[in-house]
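Residue numbers (the numbering used here), protein chains in the order written: chain A, 1 to 493; chain B, 1 to 284; chain C, 1 to 281.
Worth flagging that the hints you see were computed from the coordinates, not collected in a lab. We put the beta carbon where it would ideally sit given N, CA and C, even for glycine. Keep in mind that the hints are not guaranteed to be accurate.
Stated by the list, open to error - So, partial list: chain A residues that the calculated Cβ filter (under 7 Å) puts toward chain B: (1) 20; (2) 21; (3) 23; (4) 128; (5) 288; (6) 291; (7) 330; (8) 331; (9) 462.
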Amino acid sequence: MGVDDTLAPRPDAGLPMWEYQESRENPDLAEVRDRSGLWINGEETEPLSGKWFSTIEPATEGHLSMVAEAGPADVDRAVGAARDAAAEWAGLPPIERAKSLFRIARLIQERSRELAVLDTRDGGKPIREARDTDLPLVAAHFFYHAGWADKLEYAFPGAAPRPLGVVGQVIPWNFPLLMAAWKVAPALATGNTVVLKPAETTPLSALRLAEIAAEAGLPPGVLNVIPGAGETGAELVGHPGVDKVAFTGSTQVGKEIRRRLAGSGKALTLELGGKGAHLVFEDAPLDQAVEGVVNGIFFNQGQVCCAGSRLLVQESIASEFVDRLRRRLSTLRVGDPLDKNTDIGAINSAAQLRRITELVESGQEEGALIYQPPCDLPERGFWFPPTLFTDVSQSHRIAREEIFGPVLSILTFRTPDEAVERANNTPYGLASGVWTSKGSRILWMADRLAAGVVWANTYNKFDPASPFGGVKESGFGREGGRHGLAAYLRGVG
Amino acid sequence: MVEERVAALSTRSIKREAKMWALRAAISMTDLTTLEGMDTRDKVRQLCHKAIRPDPTDFSIPPVAAVCVYPNLVGAAAEVVGGSAVKVAAVSTYFPSGQAPLDLKIAETTQVVADGADEVDMVIDRGAFLAGDYVKVFAEVAAVREAAGDACLKVILETGELGSYDNVRRASTLAMAAGADFIKTSTGKVSPAATLPVTLVMLESIRDFYRNTGRAVGMKPAGGISSAKQAIRWLVLLNETLGLEWMTPQRFRFGASSLLNDLLMQIRWLGTERYQSPDYFTRA
Amino acid sequence: MGERLAVRKTYKLYIDGGFPRSESGRTFPVVSDDGSEVVHISRASRKDLRMAVRAARAALAGWKGRSGYNRGQVLYRIAEMVEDRAATFAAQLELGGSSAEDARGEVGEAIDLLIWYAGWCDKYMQVVGNMNPVAGPFFNISVPEPVGVVGVIAPSAPVLRGLVAGLAPVVSSGNTAVVVASPAQPMIAITLAEALATADVPAGVVNILTGFPEELAPWLAGHMDVNGVDFSGVHPEGISDLEEAASHNLKRTGRWEGSDANLYRISAFTEIKTVWHPKGR
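So that you can see chain A by itself, here it is in the shape it has in the complex (with noise of 0.2 Å):
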């Protein structure tokens, strides 16, 4: 007989349905310990501020640990061992400043599980993107930084590079590790010594970073982490002792720190927001271009720089590629982030969550449609549905700010040149994305998009090989690749 050719519905009910069990991943793989001092000059630290703060569980709001909070005492000490440092790690032959960050790089590796569990409680994003994305990346950073180490006079033609000395570092949250061994390795590869401030919502990994730095022989005082606030990382960028400033965070605290760096001489570097267009056009492979926009918005919450949070489709498919889009969202999983099968976790803070649903009612009451398919939300901690946000005009908020939240806003363009007129109108040019079957149209649009990062029929890859950075308002200065050293040397800008 042939199967019945008419019901979509299955045709023998009577089977039960088939629901994916949770699939936890141990939280005990990551000792967390009650209290976490600040790591200067080798070694775990009481603050001179005397103050802790406690960071939390985003999945739960449960406490996790008690955090030391640097005062300008702190920075001041954990600036000062990093200028101790500076002459010898300098001088040291550059196989010894490689071969210490291969150790790193191969203990994060053993250890990664470990890391990742700890990311995923400390920051709520799933156990599946901390273990399958972020960590592999984090030792891979390390690993290729360590082999530059011996090599830069191979880097920089007709230069003789030379480190910059002491250097302030300032992460976000929404990566936590991967965003530390984006600033660290290269810093310490180039012959830099390091002061890290993580952000205050997610430090424990940073702090598991500098133990795993010192177990691999890393000199004390070459690598100092001292979480805090905003204000510990204003008294780091501003502190006279330090000699270059890399930072990523929003476009208005990085243009803050350009501010305070006036006429300091420091050098700087700065990895801002975005509002990255994601562009459909109608020949492209549309399951693939689905996929591809999903990842673009829902990777890691949407709480991405780079995120593809404006699609712009052709008009001519916008409804078809709309209805894939929400079917599609329908398959996607929210919840516990240390399920295995979980595809999006938590939102990272209240106060990223406020931001987010401010966001979205701004979009409400402007008159985009909206769209979430229905989801059950765990009742504890900070959690937003996967959002898509349709008939949305280039004018309404939700078309210009960065929600940094799993929300996409969908509009439409005619041709090539209105795409890259829309795609281009903003201040910001982090990435772009691109999908279309033809060559000819890919390497043309790749030439007009106003954006350091261009995806062709993919997003959100990175890679330690691979220069990330923007343009305008995102920011100057690349990590990765080849450019991504020029940020920490003298003598090639």
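Since the structure of chain A is provided, determine the placement of chains B and C on it from the hints.
Relative to the frame of chain A, chains B and C by itself:
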């Protein structure tokens, strides 16, 4: 993106009751297959008994969906499975190459149905397809469809010879439009046989065909699926592409031979928490 | 018969390929080193600067869209035109106090610097850009692109060589430029503008303003449609305010001592763009 989606879904962690459900479903979706030059009537009879009662020590295990054999062994199979829930599937149209005149293919199909085949697994003419003669491919499937009468028609694309995902999608649509009840990846005689990415492309074609025509076509990956772990990956792919509506033997089959015993071993491991030895499972 | 009265040149601004006077009607006098000659130079206003930025923005797409080969030819042509005016430049440098030998030397160095950057136009992408060996089936390439409109605050010494050292790297990669000349010897900048105007440089690609940098630079640094500024001619005490002004749209900024040939002055005003594409059948 096809490979990436597959890689992401392959990390789904299916445990305990969800796993047990999947293992039992996989058994009920299996086309237990023997397609060897050395096949005999007795070999096929052995296979058929295994198909009806996969685990003689556990009566709760469901029978497989069908046995799949060469045309001249259809009668032998029908003798054993007749009256049971297990169907007889016959490969046809000069399997595996399909390099024969259409009237011979029609004659072969008519014959296997007359001999008792409930299902016909035909191959498309890959030569004609790659030469761009889609009309010929379509016409052959349509003619065999007619010759197969009420039998369930599965159309083998032999994706390992098609060269690209674009071709897999095109051949899928062609086969469905010409009347296929199932589309099937492979004969098992060409490497690569069934792969997850190719299956994903075919499932997406089935979904689009259903949206466009309202006709639900089934999917059969065949060749190279030998472990329970692999089978569960296929079911996850199915579940998250076409949904539960397709999670039935009427719309999904595995073409396999050694898969069955691995499924049985996994079920017993879940029940006993003791790792198993193949010596405790019958080999057909 | 008495001696023939020479016709003297009026020094004007160079904006959008033309030589307008300042819209403000202002000039300032420049007296030669030996006091023998007084020249009235146009004193550009912030409105002139705005017009110059507008012209530079309008010229950008065309200039960066040209092939590196073509830009290299234009830069080479500039060198030809400067060589042609070598005696004029040398004489003007001498009026500023250079010895005849130093003046000739600086003109030659400026021309050679132009040739050096002319040659980079179709090569710097090869040296600054590269394929990236990513761990996956992807084509991944990083190429430098011009940042856009770049302001150049030119140093006062060496005046001609300093001008070229600021201007040439900026335009070699496809940026367009708004140059604020040093008020010390502004005639040099306008003579250079005359060379540019006869060297197939498209209108608006280079705009040169004479006047007072302390008046113009804050407007340039704060202009939201300017993408980068070379602060080489800014006194260290002035740098803080200008960098602060430049922070509003996060301009790319740089400051170089000296006027040596330097590949990294090109890359300072380029952005690395990285393009990914999957490989597959």
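Now the hints, each set against the structure:
1. 20: Holds - the Cβ of residue 20 of chain A comes within 7 Å of chain B, reaching about 5 Å at its closest.
2. 21: 4 Å, holds
3. 23: Since the shortest Cβ distance to chain B is 4 Å, the answer is holds.
4. 128: 6 Å, holds
5. 288: Constraint on residue 288 of chain A satisfied, holds at 4 Å.
6. 291: 5 Å, holds
7. 330: Given a least distance of 9 Å, the restraint on residue 330 of chain A is violated.
8. 331: 5 Å, holds
9. 462: Violated. Min distance 13 Å.
Comparing the model with each numbered hint stated earlier shows that hints 7, 9 do not hold.
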